[in-house]
Each structure stands twice: as C-alpha cells, then as structure tokens.
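Colleague: Sequence:
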Amino acid sequence: MESKLPNVGTTIFTVMSALATEHKAINLSQGFPDFDMPEALVRLTSEAMQKGFNQYSPMAGWMPLRESIAAKIHDLHGVSVNPDTEITITPGGTYAIYTAFTAVLRPGDEVIVFEPAYDSYIPNIEVNGAVAVRISLDFPTYRINWDEVRARITPRTRMIALNTPHNPTGSILRDDDIEQLRQIVQEYDLLIMSDEVYEHLIYDGEPHRSMLRYEDLRQRAFVCFSFGKAYHCTGWKMGYCVAPPAFTVEFRKIHQFNCFSCFTPAQVGLAEHLKDSAEYRSIAGFYEGKRNYFAKLMEQTRFKPLPSYGSYFQLYYFDHLSEKSDKDFSIWLTKEHKVACIPVSAFYQEATDNGVVRFCFAKKEETLERAVERLVKVFPA
Numbered sequence: 001m002e003s004k005l006p007n008v009g010t011t012i013f014t015v016m017s018a019l020a021t022e023h024k025a026i027n028l029s030q031g032f033p034d035f036d037m038p039e040a041l042v043r044l045t046s047e048a049m050q051k052g053f054n055q056y057s058p059m060a061g062w063m064p065l066r067e068s069i070a071a072k073i074h075d076l077h078g079v080s081v082n083p084d085t086e087i088t089i090t091p092g093g094t095y096a097i098y099t100a101f102t103a104v105l106r107p108g109d110e111v112i113v114f115e116p117a118y119d120s121y122i123p124n125i126e127v128n129g130a131v132a133v134r135i136s137l138d139f140p141t142y143r144i145n146w147d148e149v150r151a152r153i154t155p156r157t158r159m160i161a162l163n164t165p166h167n168p169t170g171s172i173l174r175d176d177d178i179e180q181l182r183q184i185v186q187e188y189d190l191l192i193m194s195d196e197v198y199e200h201l202i203y204d205g206e207p208h209r210s211m212l213r214y215e216d217l218r219q220r221a222f223v224c225f226s227f228g229k230a231y232h233c234t235g236w237k238m239g240y241c242v243a244p245p246a247f248t249v250e251f252r253k254i255h256q257f258n259c260f261s262c263f264t265p266a267q268v269g270l271a272e273h274l275k276d277s278a279e280y281r282s283i284a285g286f287y288e289g290k291r292n293y294f295a296k297l298m299e300q301t302r303f304k305p306l307p308s309y310g311s312y313f314q315l316y317y318f319d320h321l322s323e324k325s326d327k328d329f330s331i332w333l334t335k336e337h338k339v340a341c342i343p344v345s346a347f348y349q350e351a352t353d354n355g356v357v358r359f360c361f362a363k364k365e366e367t368l369e370r371a372v373e374r375l376v377k378v379f380p381a
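The sequence shown begins at 1 in the UniProt record's numbering and counts up by one.
Just so you know, these hints were derived from the structure itself, not from any lab. Any given hint could be a false lead.
Stated by the list, open to error - Derived pair list, reagent style EDC-like, types lysine to aspartate or glutamate, alpha-carbon separation capped at 16 Å:
id : residue 1 : residue 2
1  : K327      : E350
2  : K296      : E369
3  : K364      : E272
4  : K377      : E288
5  : K296      : E373
6  : K327      : E288
7  : K4        : D204
Unchecked claim - Computed Cβ-Cβ distance ranges for the label pairs, DEER-style:
id : residue 1 : residue 2 : range
8  : R182      : S120      : 24 to 32 Å
9  : D276      : Q349      : 18 to 26 Å
10 : D276      : K364      : 39 to 47 Å
11 : A18       : R152      : 35 to 43 Å
12 : S325      : A295      : 23 to 31 Å
13 : T141      : R182      : 19 to 27 Å
Since the model is a prediction, treat every value here as computed from it, not as a measurement. Glycine is no exception: its CB is placed at the ideal position from the N, C-alpha and C atoms.
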C-alpha cells in the first residue's frame with residue numbers, strides 16, 4: 001500500500017509517555033492533568049445518563065450546549081454567535097482542526113504554518129493534497145515574523161494556521177500581531193484556522209485575543225476549542241468549532257460523514273455546567289497558580305525558564321547542562337532520572353534543536369514536587 005502520509009510515524013507524545021510508563025518516570029511530557037475534573041460536571045453528566053440522554057444527539061450538537069457556548073462567547077468577547085448556524089460540537093479540538101482543513105483545502109493549496117507547531121497540523125494539510133509552508137517563530141521570543149509571512153505568500157496561499165495560546169511555547173498573540181494579521185488576510189484574501197484550545201489558560205492579566213473578537217477576522221476563520229483542556233477531562237475528547245454560516249455548512253458536510261455526532265451525556269452535562277461563568281473565568285487563575293508553583297520549585301535547579309504566557313506548558317533551556325540533543329536529553333532524563341519531558345525539536349519538521357525541552361505543569365502539587373526533587377538531585381542550583 002502506498003502511504004498517504006509516508007513521513008508520519010508514532011508521535012513524540014506517545015513515545016515519551018510509553019517510555020515514562022516503562023521506566024516508572026513522572027510524566028511531565030504529555031499534556032494531561034493528573035487531578036480530577038470538576039465534580040459538578042461529573043454529576044451533571046452522570047445525571048444525563050440516568051435520565052436517558054444516551055442516544056444520538058443532533059449532528060451539529062446538542063442545541064442547549066451550543067446555546068451555552070454562544071452565551072459564553074458573548075460574555076467573554078461581547079460577540080453574538082448564532083448557535084444554530086455557526087457552532088458545531090466535535091469529538092475534540094484536534095478533530096475540529098482536521099475538519100476545518102478538510103472542508104476547504106484542495107490539492108496544491110498552500111497553508112502557512114508556524115513552527116514549532118502542534119503535530120497534527122501538517123499531516124492534516126498534506127492528507128488533503130495541500131502544502132504546508134513552514135515558517136519558524138523567532139527564537140527565543142517565539143513571536144511571528146510578519147515580514148517573512150508576506151514574503152512567503154504566493155497565489156496558491158489559501159490559509160494561515162494560528163495557535164494562541166501556543167503549544168508548545170506558551171506564547172500568545174499580541175495587539176500588533178492582530179493588526180498585521182488583519183492587513184495580510186485582507187490584502188491576500190486568506191482564510192484562518194485558529195487553534196484556541198487553551199483559550200482559558202492565559203496569564204499575567206493578558207486578554208485572550210480570539211479571532212472571534214474581531215469581526216473582519218471572524219468572518220474568515222474556523223476557530224477551534226476544547227472542553228478537555230478547560231475542564232481537566234482530556235479523555236472525553238469533546239470540543240467545538242465556531243465559523244461563519246457558509247464555512248459551517250462545508251465543515252458539517254465533512255463532519256456528518258466522519259463522526260456524525262458526539263457523546264450525548266457529556267453534551268447535556270456541559271450545557272448546564274457552562275452556565276456557571278465563575279467556573280470558566282476561574283480557570284486562568286487556577287493554572288497560573290500551577291505555573292508559578294512549578295517555576296518556584298524549578299528555581300532549585302539549573303534549568304533556565306523561557307516565559308510562558310498561556311497553555312499548561314513551560315519551556316526550559318537545558319543546553320548549558322548537557323551536550324546531548326534535546327531528544328537524547330529527554331530520553332536520558334526519562335530513563336535515568338525518572339522525569340519525562342518533550343524535546344521541542346519534535347514540533348519542527350526538520351527537528352530544529354534550540355536546546356529547549358517542554359514540561360507540563362498541569363499536575364498535582366505533589367506530582368510537581370516529586371518531579372523537581374528528582375531534577376534537583378541531577379542539576380542542583
């Protein structure tokens with residue numbers, strides 16, 4: 001069989017998590033919490049099952065959930081979104097991203113992708129016969145070089161893929177980024193895929209500059225979100241996509257012949273849970289506390305932090321501690337010292353190695369403490 005993705009193997013997340021399990025390492029590699037999801041959401045979902053909400057939900061999603069999402073968007077961004085024609089519930093944010101690409105890309109189209117990049121973007125683009133035009137974020141700030149973006153646009157450029165807050169770096173879009181983006185997509189008539197799964201995980205008083213806030217950008221964008229990231233339930237694989245009506249029509253054409261509908265009890269539970277605005281407004285403070293706690297612990301080591309403004313990841317320099325590549329260093333740290341991390345080179349197609357690794361701080365305090373205790377033994381401050 002001729003592979004449609006000949007260059008794709010097992011993801012680094014699977015590799016490092018398996019290695020962590022094999023060597024009984026503390027897993028700060030793959031991005032998932034090791035603490036419980038909100039008890040109220042568990043209860044609401046359980047009640048939904050007990051009340052008989054166990055059959056197919058509508059293809060576009062349970063309407064009360066879409067209405068709750070629309071209310072949340074208005075609360076956070078002051079924007080009115082039509083729950084009937086602009087919101088589609090999906091089995092996870094990654095699925096929403098794939099479906100957005102598949103709805104509009106044709107063979108030969110080009111999509112601008114910023115590296116380091118979440119690992120699904122480029123395979124999603126290539127499986128549709130399109131071409132990923134890779135642009136490296138400026139190191140070490142991980143900001144977008146908009147002059148390079150302009151230089152790489154061709155008549156075949158169809159879309160820009162964005163991610164804010166950014167995985168793996170924790171960088172965010174700023175006001176000047178939004179202004180540059182507005183000019184470029186207007187001038188070259190481009191679409192946007194905006195991955196905003198970490199929308200609530202943004203720190204230091206910064207706003208989340210969602211594409212939904214800007215009417216001109218919103219009308220060009222598929223904006224993808226994740227309930228798993230917000231409510232500590234990544235295994236639920238529940239998300240949604242917000243897009244203009246014409247885009248949503250095309251999105252649902254793909255969606256209806258792929259998964260068709262999502263887990264109904266969770267949709268019923270989420271519809272009610274989202275009505276508590278204090279809950280989703282508290283998420284940033286909760287994770288900012290974890291970021292700060294992990295940073296304080298890591299001061300006991302000789303790892304050097306890069307800024308994290310969002311997500312639940314923190315990058316650290318290690319190149320002054322070892323001459324190993326970031327991949328070899330991550331494997332060595334997992335096997336020999338029982339702490340698993342992710343080499344940031346894995347987020348580049350050509351394995352760009354800047355001597356940086358990614359840790360996930362979405363863990364219990366005792367998990368972070370045990371991990372840092374092990375790191376201190378190897379690299380004490």
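Colleague: Hints first: check each against the structure and report whether it holds.
Modeller: How the hints compare with the structure:
no.: 1; hint: K327 - E350; verdict: holds, 13 Å
no.: 2; hint: K296 - E369; verdict: holds, 10 Å
no.: 3; hint: K364 - E272; verdict: violated, 27 Å
no.: 4; hint: K377 - E288; verdict: violated, 26 Å
no.: 5; hint: K296 - E373; verdict: holds, 12 Å
no.: 6; hint: K327 - E288; verdict: violated, 28 Å
no.: 7; hint: K4 - D204; verdict: violated, 43 Å
no.: 8; hint: R182 - S120: 24 to 32 Å; verdict: holds, 26 Å
no.: 9; hint: D276 - Q349: 18 to 26 Å; verdict: violated, 42 Å
no.: 10; hint: D276 - K364: 39 to 47 Å; verdict: violated, 23 Å
no.: 11; hint: A18 - R152: 35 to 43 Å; verdict: holds, 36 Å
no.: 12; hint: S325 - A295: 23 to 31 Å; verdict: holds, 25 Å
no.: 13; hint: T141 - R182: 19 to 27 Å; verdict: holds, 21 Å
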